[in-house]
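S.K.: Sequence:
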Amino acid sequence: MVELTQLDEIPFHLLETIGMVFNYFDPEDEQCQELKEMILQKGLDKIITEVTGIDNQKILGSIKQNVEKYAYKVA
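Plus 3 on top of the position in the sequence shown (first one is 1) and you've got my numbering.
No lab work stands behind these hints: they were computed from the structure. Nothing false has been slipped in among the hints.
Straight-line Cα separation of at most 35 angstroms, DSBU-like style, residue types lysine-lysine; simulated pairs:
(1) Lys72 / Lys39
(2) Lys49 / Lys72
(3) Lys72 / Lys61
(4) Lys45 / Lys72
(5) Lys45 / Lys61
(6) Lys39 / Lys61
(7) Lys67 / Lys49
(8) Lys67 / Lys39
(9) Lys49 / Lys61
(10) Lys49 / Lys39
(11) Lys67 / Lys45
Please model the complete structure; the sequences and the hints are all you need to start from.
M.R.: This is how it looks when you write it as structure tokens:
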């Protein structure tokens, strides 16, 4: 994923997919549960950087926007 930071243009479809992945939850999936726990403990911003290895603020902002965009909303 670090190679994304070397592109001139941000591939929006990949950033949207990353946003969807951060919202995926399966109670049977141990890694999924670990990711959710990490987000609760450290916060979304830090975990996005930690998991992706990306430090480009523009790309991180786009990922966070997509995480929020695809978050499951309970009415």
